[in-house]
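Participant: These are the residues of each chain, in order.
There are 2 protein chains.
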Amino acid sequence: MQVLGIDEIREVLSSIDLMRVIEEGFQDFTAGKVVVPPVGELLFEEPPGEVHIKYGYIRGDRYYVIKIASGFYDNPRLGLPSSHGMMLLFEQKTGTLVAILLEGGYLTDVRTAVAGAIAAKYLAPERVRRIGIFGTGVQARLQLRHLKEVTDCTDVVVWGRRREALDRYRDDMERAGFRVETTRDAAQVGASANLIVTCTPSKEPLLALGQLPGGVHITAVGSDTAEKQELDPAILARADLVVADSRAQCLERGEISHAVRAGILAESQLRELGEVIRDGGRARSSDEQVTVADLTGVAVQDIQIAKAVFEASTRRVPDDDEQLPFY
Amino acid sequence: MQVLGIDEIREVLSSIDLMRVIEEGFQDFTAGKVVVPPVGELLFEEPPGEVHIKYGYIRGDRYYVIKIASGFYDNPRLGLPSSHGMMLLFEQKTGTLVAILLEGGYLTDVRTAVAGAIAAKYLAPERVRRIGIFGTGVQARLQLRHLKEVTDCTDVVVWGRRREALDRYRDDMERAGFRVETTRDAAQVGASANLIVTCTPSKEPLLALGQLPGGVHITAVGSDTAEKQELDPAILARADLVVADSRAQCLERGEISHAVRAGILAESQLRELGEVIRDGGRARSSDEQVTVADLTGVAVQDIQIAKAVFEASTRRVPDDDEQLPFY
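Quick mapping for you: the protein sequence lines, in order, are chains G and E. Each step along the first sequence adds one to the number in my numbering, with nothing skipped, and position 295 is 295. Counting the second sequence from 1 gives a position; my numbering is that position plus 1000.
Derived by calculation from the structure, the hints in this document are not laboratory data. All residues carry an ideal CB built from backbone N, CA and C; glycine is no exception. Just to be clear, a hint being listed does not mean it is correct.
Lysine-lysine pairs mimicking BS3-like chemistry, simulated, CA-CA at most 27 Å apart [as the list claims (entries may be wrong)]:
| hint | chain 1 | residue 1 | chain 2 | residue 2 |
| --- | --- | --- | --- | --- |
| 1 | E | K1093 | G | K228 |
| 2 | G | K228 | G | K203 |
| 3 | G | K93 | G | K33 |
| 4 | E | K1228 | G | K93 |
| 5 | G | K121 | G | K148 |
| 6 | E | K1228 | E | K1203 |
A few chain E residues that don't get close to chain G, going by computed Cβ distances all over 10 Å [as the list claims (entries may be wrong)]:
| hint | residue |
| --- | --- |
| 7 | E1024 |
| 8 | D1028 |
| 9 | T1151 |
| 10 | T1154 |
| 11 | D1155 |
| 12 | L1166 |
| 13 | A1176 |
| 14 | F1178 |
| 15 | D1185 |
| 16 | R1261 |
| 17 | A1262 |
| 18 | L1270 |
| 19 | R1282 |
Looking at chain G on its own, in the form it has when it is part of the complex (with noise of 0.2 Å):
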């Protein structure tokens, strides 16, 4: 039985192939080989916290994967990270425990920003001419990180709140290469960028259809619960694709939820994102059309994730050639 800690789970990540893993499971997923009974939860009180135990397997695969997130929202007073995380990788034919992943929710923000760059690549349109984030969390930086891995496009701008949390995201993504302007007017983003990513735990939509004047793929990260929203039902009404990453739990929280309840999306309508990679090549018939995904997190993303970690680990050193420069 191995320990990786959250070092080690750096390393080895630069040395794995993670579209190819991620779309793999998306395409199990969707072919409905993936076991996944229901979240456990533990919620807590005093002070205010709150546990998930997510739990599957792909059939016909190795290992069965437990990982175990928790936030609890005090913690930043007392110097520690709100979020907690660690997956559990198990024989499947045995019930071993094989390793143990003390990756501190990082591999959630890694296999979410993967994700994002493979609705990217199936959706967004062949000429990116702007990125537009909403966001300036780890999140936000993650994702536009991960997009490098399919566009050439460098020039961003990102939307927030906060002046100081958008000159932070500016600086880090300069120094990773981009081009980064910052602005606190949504509408800029839309008018300009036609590949864009929204990665706030907001609940109420950022980006409203008026304000996206061309052909434009929007990914949609951050609502993960039934309460949050990022987007203008009106826009996924419009969109020519709207992707799910699951269909049911699309249906249950997210983007795509709202534009269901209020009957101006029909479930008929969706395509889920791993029919998306199984037909192969993008999904989208010109620049000029607009796309959607929205991306709630599916336990398939953890099982491959996890288990790409641990075989790489057991593997090799990995090359320097092939590190990114971001794990």
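Following the hints, position chain E against chain G.
Facilitator: Relative to chain G, chain E alone:
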């Protein structure tokens, strides 16, 4: 963060007052202080396997605990144990992972046996003439060993189906200081023993009311699902006192559930083990009474033993004098 292996766990167990620790847990449970969400379950078909994820905490306590236990019943063909298990201990106020106990299912076995000793402490006749054990497995061994903490009686009759298993049980337990008679006739146990523990996976009653001529206490341990059954429900109907480890759970599964469903035992007649402990002293009015304790296993036992093991491991090296011989 500490990772404790099975050797270290066995070593520190001998320095812990497990009776006290588990008694406190049952009292907290009965007092409504324990938060335990539904058990998570993951099932496998080829080869067959099942994983159970149990988790919870005692309000106002320091830790929360997640237990992962699995059974893969083809494992013995591969020379592997069929059961696996581990417990994870986290800080309740911050979610920080504190310890990983690689206990392999052993702590579940021990906390179950300790509950048996607690039941005997409060419910057995004052003068135990003879101990009767049904079953020859790990739990049948641990139950008998733990009874040493509550009775001086070392005269034992053990019932089993297979001669070979009976002989091995006798040899092992005689080395542990007991005098053991073996039998394949349940009536022989009922006729001579007045403290009986059943720990088999039987799906039909092993012991009938007519086979119990006098006062007796029976602790039923084996029946932890809705299908399993070790006692004639008439025994529970006749009993002067029927005690459940968890009232709610025993109505769903175990001996009590069979008797209640048969309409011969009323829910109002039940007492909970935590109540009996809280009231203190022997719960029977004479050695001639018949009492039954039904132990289906509750998560607070896991919480308490995990916490105690971790705290003992950080505290000190156990004193030789205190070491029980059997861990």
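Participant: All hints, please: hold or fail.
Facilitator: Here is what the structure says about each hint:
no., hint, result
1, E:K1093 <-> G:K228, "holds, 26 Å"
2, G:K228 <-> G:K203, "holds, 4 Å"
3, G:K93 <-> G:K33, "holds, 16 Å"
4, E:K1228 <-> G:K93, "holds, 26 Å"
5, G:K121 <-> G:K148, "holds, 10 Å"
6, E:K1228 <-> E:K1203, "holds, 4 Å"
7, E1024, "holds, 21 Å"
8, D1028, "holds, 16 Å"
9, T1151, "holds, 37 Å"
10, T1154, "holds, 37 Å"
11, D1155, "holds, 39 Å"
12, L1166, "holds, 30 Å"
13, A1176, "holds, 30 Å"
14, F1178, "holds, 34 Å"
15, D1185, "holds, 37 Å"
16, R1261, "holds, 28 Å"
17, A1262, "holds, 33 Å"
18, L1270, "holds, 28 Å"
19, R1282, "holds, 37 Å"
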